[in-house]
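With chain A fixed as given, assemble chain B onto it according to the hints.
Below, each chain spelled out in residue letters.
Number of protein chains: 2
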Amino acid sequence: MKIAHLMFASAALFAALPLSAEEAATEYPSPLEIVAAAKAEEWVAIAPSDLLVMELAADAKGKARRVVIQLMPAPFSQGWVGNIRKLAAAKFWDGTSINRVQDNYVVQWGDATEKKALPERLVIVDAKDYVTPDWPGKDWIFAQADGRPDAYAAAHGFNNGWPLAQGREGLWPVHCYGMVGVGRGMSPDTGSGAELYTVIGHAPRHLDRNIALVGRVIEGIEHLSSLPRGTGPLGFYEKEEERVPINSIRRGDEITNVPVFEYLSTESTSFAAYADARANRRDPFFIKPAGGADICNIPVPVRRKAP
Amino acid sequence: MKIAHLMFASAALFAALPLSAEEAATEYPSPLEIVAAAKAEEWVAIAPSDLLVMELAADAKGKARRVVIQLMPAPFSQGWVGNIRKLAAAKFWDGTSINRVQDNYVVQWGDATEKKALPERLVIVDAKDYVTPDWPGKDWIFAQADGRPDAYAAAHGFNNGWPLAQGREGLWPVHCYGMVGVGRGMSPDTGSGAELYTVIGHAPRHLDRNIALVGRVIEGIEHLSSLPRGTGPLGFYEKEEERVPINSIRRGDEITNVPVFEYLSTESTSFAAYADARANRRDPFFIKPAGGADICNIPVPVRRKAP
Chain A
436 MKIAHLMFAS AALFAALPLS AEEAATEYPS PLEIVAAAKA EEWVAIAPSD
486 LLVMELAADA KGKARRVVIQ LMPAPFSQGW VGNIRKLAAA KFWDGTSINR
536 VQDNYVVQWG DATEKKALPE RLVIVDAKDY VTPDWPGKDW IFAQADGRPD
586 AYAAAHGFNN GWPLAQGREG LWPVHCYGMV GVGRGMSPDT GSGAELYTVI
636 GHAPRHLDRN IALVGRVIEG IEHLSSLPRG TGPLGFYEKE EERVPINSIR
686 RGDEITNVPV FEYLSTESTS FAAYADARAN RRDPFFIKPA GGADICNIPV
736 PVRRKAP
Chain B
436 MKIAHLMFAS AALFAALPLS AEEAATEYPS PLEIVAAAKA EEWVAIAPSD
486 LLVMELAADA KGKARRVVIQ LMPAPFSQGW VGNIRKLAAA KFWDGTSINR
536 VQDNYVVQWG DATEKKALPE RLVIVDAKDY VTPDWPGKDW IFAQADGRPD
586 AYAAAHGFNN GWPLAQGREG LWPVHCYGMV GVGRGMSPDT GSGAELYTVI
636 GHAPRHLDRN IALVGRVIEG IEHLSSLPRG TGPLGFYEKE EERVPINSIR
686 RGDEITNVPV FEYLSTESTS FAAYADARAN RRDPFFIKPA GGADICNIPV
736 PVRRKAP
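Here the protein sequences line up with chains A and B, keeping their order.
Each residue of the first sequence is one higher than the one before, counting from 436 in our numbering.
Each residue of the second sequence is one higher than the one before, counting from 436 in our numbering.
It should be emphasised that the hints constitute simulated quantities derived from the structure, not laboratory data.
Each hint should be verified, as a subset may be incorrect.
Any copy will do: because identical chains look the same in the list, a pair fits if it lies in one copy or spans two.
[What the hints assert, rightly or not] EDC-like, lysine to aspartate or glutamate: derived pairs with alpha carbons at most 20 Å apart:
#, residue 1, residue 2
1, Lys474, Asp711
2, Lys496, Glu673
3, Lys740, Asp688
4, Lys496, Glu677
5, Lys740, Glu477
6, Lys674, Asp494
7, Lys521, Glu555
8, Lys563, Asp718
9, Lys526, Asp688
10, Lys498, Asp538
11, Lys474, Glu702
12, Lys521, Glu630
13, Lys498, Glu673
14, Lys498, Glu676
15, Lys550, Glu630
Chain A with its partners taken away, still in its complex shape (with noise of 0.2 Å):
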């Protein structure tokens, strides 16, 4: 398994070059031109029994609110991600709802009731799967942008189309906007996967290592997102017909009509330059270059792949 290792060039370099307002235009394309740019090998199909396709209610206008979201695959929370792949296929999440819409922070669905029957042969999973231990022969190396690694790792980059973090025990998934995590109760319980959540703020790192992540929504997060807020503690609904009905929640490959989607590799030569690019800002509108960027504001591009 092979690591992107981002180099982010120095802004003072660029500063010092005398371009005028048209040729930086020309010299330096924003994220999004150097993604629409990629070449097309550059790009990873994402298998359909990796994502989960989530039908809410329609709206108050009648319109369908779809959610696709991509499950993580190997080496991280194969446990957990299993046991979502049985619950899907139990038809668990069908008439279950969103409960929970707490602003800055997380929108969270599965069984209001609690009362729900499992589906058989779920497995406990252990803390300790929060954490991948390090690769023995590993020849990948981490992002540091210009020497500023963030505030919750030692080490951080991207690898397999995934931000991660590593610090001495291994390495692990990080909660950046969209990212999906397995609801739980008081540690040491780590949840089955009935109980879900997506971020919908400013990345909740602390939760790191605390929480267990599945996967990340790669379309739809607007239906989430812009749900009304929670008035109850944690931004739990506090009446029933406040919370959004789950029609269904099914793999991708169990149904029929998904689209294929596909990520930018972020083993590529085009999300080393989109990476820079999130790091500073050339483009005619930036001022000054940040010289660096959180690894939660340098997403994974994933779009519908043309038919």
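Chain B alone, transformed into the frame defined by chain A:
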């Protein structure tokens, strides 16, 4: 002017103590519990003249929607803040609207027609005012979370109730969730203050030193963050009927029935304990304290003052 020095105690130190769950609960209050226990004299009242009160049109259920903004104090952004005071006094925003809601980014408001006459005597502010030069005779020290500064600046910390970053050229306020900034066109335009936005997603810190920050939302941000996302480029609403009307924006001292707000002094003992707890969650839910925190994950506590 004094900058709070935040000492982040080592997480390892605490992990080594053999505490039962009950002892831990007593020993390590949560950030919210620390704030709730702060002394009355650690809170600083915000002058009504430093508030902007935005009244949106009532929602679909007829419920009033009020958003309260605290304007940024000297020495930051005072050219734009002065313009904003004049715009409020001239009732410029009455009858304007929320025009843009971009997921995980910003909500923006102002005159959608771009034809409304601005009040007289607005000043044009130079981009150099995005940064305030170091003050001479300084005796402040910035926070360094366990030697892990953030990815966007050499140092960061809090002063006078606001999150700040520091580089060779001086100090600047940072783009955290809820911060309010001045929309502008292509540089070198810096905007008048008539077009404003607030952050509703992961901190877009690449905008620091590229756009003027003039305040923060201290109450009612959910009325903005839960609005439907715009479907046009950059999240602009495509149809006029999607725009949310702004009935009025007034300074807090121009109207009655505005409660008094207060923030927890960032120079107080309780704020230091709160920030440390945000960086090292040891309350019972947590298994692994992070050992550091992004400055935007330490929101300055603001509340209504008890009558």
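| Lys550 and Glu630: within-copy, between-copy, both or neither at 20 Å Cα | within (12 Å within a copy, 50 Å between copies)
| query | Which holds for Lys740 with Glu477 at a C-alpha limit of 20 Å: within a copy, between copies, both or neither? | reply | within (12 Å within a copy, 55 Å between copies)
| Status of Asp718 relative to Lys563 across identical chains (alpha carbons, at most 20 Å) | between (43 Å within a copy, 19 Å between copies)
| query | Under a CA distance limit of 20 Å, which applies to Lys498 and Glu676: within one copy, between copies, both, or neither? | reply | both (18 Å within a copy, 17 Å between copies)
| How would you classify Lys474 and Glu702 at a CA-CA limit of 20 Å: within, between, both, or neither? | within (13 Å within a copy, 52 Å between copies)
| query | Between Lys498 and Glu673, at a C-alpha cutoff of 20 Å, which is it: within one copy, between copies, both, or neither? | reply | Between copies only: 17 Å across chains, 25 Å inside a chain, cut-off 20 Å.
| query | How do Lys474 and Asp711 come out at 20 Å by Cα distance, when the copy is not named: within, between, both, or neither? | reply | within (18 Å within a copy, 46 Å between copies)
| message | Cα distance capped at 20 Å. Does Lys496 pair with Glu677 within a copy, between copies, both, or neither? | response | both (16 Å within a copy, 13 Å between copies)
| request: Pop the pair Lys526 and Asp688 into one bin, within, between, both or neither, using alpha-carbon distances up to 20 Å. | output: within (14 Å within a copy, 56 Å between copies)
| query | How do Lys674 and Asp494 come out at 20 Å by Cα distance, when the copy is not named: within, between, both, or neither? | reply | Both ways: Lys674 and Asp494 sit 18 Å apart in one copy and 19 Å across, limit 20 Å.
| said: Cα distance capped at 20 Å. Does Lys496 pair with Glu673 within a copy, between copies, both, or neither? | reply: between (23 Å within a copy, 17 Å between copies)
| Alpha-carbon proximity context of Lys521 and Glu630, limit 20 Å | within (13 Å within a copy, 50 Å between copies)
This entry satisfies every hint, going by the numbered hints stated previously.
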